[in-house]
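Number of protein chains: 4
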Amino acid sequence: MSEADTKFRKPAGLPAPIGHRRWAIAEGFIPSGSTGPDPSMASHETACLLNAGERDAHVAITIYFRDRDPAGPYQVTVPAQRTLHLRFNDLRDPEPVPRDTEYASVIEADVPIVVQHTRLDSRQAENALMSTIAYPSD
Amino acid sequence: MSEADTKFRKPAGLPAPIGHRRWAIAEGFIPSGSTGPDPSMASHETACLLNAGERDAHVAITIYFRDRDPAGPYQVTVPAQRTLHLRFNDLRDPEPVPRDTEYASVIEADVPIVVQHTRLDSRQAENALMSTIAYPSD
Amino acid sequence: MSEADTKFRKPAGLPAPIGHRRWAIAEGFIPSGSTGPDPSMASHETACLLNAGERDAHVAITIYFRDRDPAGPYQVTVPAQRTLHLRFNDLRDPEPVPRDTEYASVIEADVPIVVQHTRLDSRQAENALMSTIAYPSD
Amino acid sequence: MSEADTKFRKPAGLPAPIGHRRWAIAEGFIPSGSTGPDPSMASHETACLLNAGERDAHVAITIYFRDRDPAGPYQVTVPAQRTLHLRFNDLRDPEPVPRDTEYASVIEADVPIVVQHTRLDSRQAENALMSTIAYPSD
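Residue numbers (our numbering), protein chains in the order written: chain S, 1 to 138; chain V, 1 to 138; chain C, 1 to 138; chain G, 1 to 138.
Source of the hints: derived by calculation from the structure; they are not laboratory data.
All the pointers check out, no bait thrown in.
Here are some chain C residues the structure puts well away from chain V; computed CB gaps all over 10 Å: (1) Asp67; (2) Pro94; (3) Glu95.
Stretch-level coverage of chain G by chain C, calculated; a stretch enters the list once three of its residues show a Cβ under 8 Å from a Cβ in chain C: (4) 78-90; (5) 128-138.
Derived CB-CB ranges, DEER-like: (6) S:Glu54 / V:Arg92: 49 to 55 Å; (7) S:Ser32 / G:Ala80: 47 to 53 Å; (8) S:Arg68 / C:Asp93: 53 to 59 Å; (9) G:Asp138 / S:Pro96: 36 to 42 Å; (10) S:Pro98 / G:Asp100: 26 to 32 Å; (11) G:Arg66 / S:Ala16: 20 to 26 Å; (12) G:Thr77 / S:Asp67: 52 to 58 Å; (13) V:Glu95 / S:Pro98: 30 to 36 Å; (14) S:Arg92 / C:Ser32: 47 to 53 Å.
Note that CB positions come from ideal geometry on N, CA and C, so glycine has one too.
Just chain S, with the same shape it has in the complex (with noise of 0.2 Å):
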């Protein structure tokens, strides 16, 4: 902390934990071609994960697709003051998330997290990238 800025006072009385158990995620595609060094530029999806609170945040993920039944739950944790940038491409049980396959999802927590959408699509030779904070739901 800056000695200099005496008349800074972090606020207070903000001690209640920051997001929603329940968020979504409309979009989703791992496309299966890359074409940057593996694993920074592979093309992916991921979602952000934040927990800010004080427990570890337990978080079930399921998958829907266009025309199956849904897959999941994916389960991961996120520790007390983490953040965990989960790539779907990483997930592998109950099974892995197809490629080139529009899919969405519905991630679940016991505690408040934050969850945030970004894909990074290195098919071709310079990269696009997208970002969204998902939809947040209790």
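Once you have looked at the hints, place chains V, C and G on chain S.
Relative to chain S, chains V, C and G alone:
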């Protein structure tokens, strides 16, 4: 579900349907030009619709323009527990969505859904992507 | 409306206007350089305004800067049942929006509207796109 | 203000400050590589802060990581009626934000502000852009 992770308990008491029944997307523009292979790399504008509930969603889309009356309603069904990534490019009835024309859309459903908006622009050699959660309203 | 889909019923009882009367966009930056054909590929920053209601929307935009007083109000009208994709590049009265300068904006209307923010950056050979729902507030 | 548009009336009765006092950005990643001219084309991650109110905003930022305790608070002031587009790259006190590392952030202020998140990734020849409204919470 992983048998090993015995500490995990799926959050209970969260049976409410996720989403809203009305959504708006103020941005819309389908470029007429594309440089990539069709259809995956064709320029397109998509409304990703997620129906995580247990009843089919009957969806009506109205398209707004700058200088003419709205078009629609375009009707689609998103079955229960399914997602539909609807390309505005593919809408035909009652009329196609004009290319190179600024538009906006309102999406109404008879059950809660979640809507995310994505555009792939391939007018130039390398694609550009953008995405945002739509605006929820009931 | 498709005559064949006789099961569809447009949701009733949803007549309320959609949107908010105040919105904020904290990001704003109009690059002075462009490489594509003007105007479609010129670098631009857009506020997409949707007025899905039945009364014209009179809109006032205020531009905030880092180191000077705000500019505006810039005034535009979005007719009932119309959308206006307003380029900040085109604002002239009371003063143009400076290029290569970080700004933010507050958009106020006398009826509910929906606002989405988009930037096309064509400073390099291939375009980059970004978009987000604006921040709604009443 | 345009003298000609005599029908326009700026909406009255909207004096409340716009925004929230707590925001979260679950995505964060500063690539160490750049290909464009510095600083405008250097890869950067930005929190755009808008203080449209009449009192200065004292802002404290906490950075969360995957596998270590949070860093911060980083402190900045956004004067009344000003915007600050804060690059995470530029944070120094109490420590720089590490490159090529996944992080997330919580932004707290003593008055309502609006926060939008933007990344410019210039690791490859052509830039990629992404932006989203941050997650508001009080």
